[in-house]
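Whenever a hint applies, use it, and build me the whole structure from the sequences.
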Amino acid sequence: MKQLTIVTEDKVGVLADISYILGKAKMSIMGVSAEAYDGKAIVNLVVKDDKKAQDLLAANGYKVYESDMIMVKVKDAPGALSEISTKLKEANISVQSLYLIMRCKGYSVGALKVDKPKAAKKLLSDCSLLQYTD
Amino acid sequence: MKGITLVLDDRVGLLAEISSLLGNAGINIDSVSVSSFGSKAIHTYLVDDEASARKLLSANGYNTLTTDLLILRLPDKPGGFADASARLAEAKVNINRLNIVAREDGYIGLAIGVSNPEKAKKVLAEFIQS
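So the sequences go chain by chain: A and B. Sequential numbering from 2 applies to the first sequence in our numbering. Sequential numbering from 133 applies to the second sequence in our numbering.
These aren't lab readings, by the way, just hints derived from the structure by calculation. All figures in this text were calculated on a predicted structure; none of them were measured in a lab. Please note: incorrect hints may appear among the correct ones.
[Claimed, not checked] Calculated cross-link-like contacts (lysine-lysine; reagent style DSSO-like; alpha-carbon spacing at most 30 Å): (1) A/Lys74 / B/Lys209; (2) A/Lys12 / B/Lys253; (3) A/Lys27 / B/Lys253; (4) A/Lys41 / B/Lys224; (5) A/Lys27 / B/Lys224; (6) A/Lys64 / B/Lys209; (7) A/Lys117 / A/Lys41; (8) B/Lys134 / A/Lys106.
[Said to hold, decoys possible] Chain B stretches covered by chain A per the calculated footprint, using a threshold of three residues with CB under 8 Å from any CB of chain A: (9) 135-149; (10) 159-168.
Note that CB positions come from ideal geometry on N, CA and C, so glycine has one too.
What follows is the structure, encoded as structure tokens:
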């Protein structure tokens, strides 16, 4: 599964523009997280057709970076995140980004990006939802 | 709604330390977002007991910042957020951060931080949950 990261100048309307571009092409946003930091806007996106989204956004002047990510499903309960993040810590795996994609029926699904995806996938195989592919 | 934001020097195990602190105290994390920029990591937590979480994190040496967030409930379909974000752009309101907090039954719950919450509440009135 791929994550698309857009780094752009932080100004009014960036998210409106990105969501308009994708919405117009009838592309559903599976995951999104946005953050403004130090004058920059950083938008992470997970979509079904990442190639198409990447082309569309690039055609509209956005710089898009692609990276591998793992979708993890955990119980929506105190300590659930601690359990998986402790496993990663013990294996010396660094979490580069994490955000919630879905929360329903007692479960949470997160998009996780790490420095060692293969090792993380093996470690978290019991809760990895969509497998990381090379 | 208030989010707890931490700006930290990035290192392996930060998420494990913070989530274990919260988990061991029985505090549920409703939504989390972690990003790293260079040597810094930015964590934002939405929890079921904000006051206790903040106290606990402070007592353990973490500097916490408060992020004011609006919770929106929108139809979960292509373009569902385009309308809301276009209204904010027209009103010259900037979105500083955005996270998914819920997704169920054809609706999506979004937590957004904005430059002008009062104005945002006005233009997004029918979508605001809290």
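Structure-based check of all given hints:
| no. | hint | verdict |
| --- | --- | --- |
| 1 | A/Lys74 / B/Lys209 | 22 Å, holds |
| 2 | A/Lys12 / B/Lys253 | 19 Å, holds |
| 3 | A/Lys27 / B/Lys253 | 27 Å, holds |
| 4 | A/Lys41 / B/Lys224 | 17 Å, holds |
| 5 | A/Lys27 / B/Lys224 | 26 Å, holds |
| 6 | A/Lys64 / B/Lys209 | 25 Å, holds |
| 7 | A/Lys117 / A/Lys41 | 26 Å, holds |
| 8 | B/Lys134 / A/Lys106 | 24 Å, holds |
| 9 | 135-149 | holds (count 8) |
| 10 | 159-168 | holds (count 10) |
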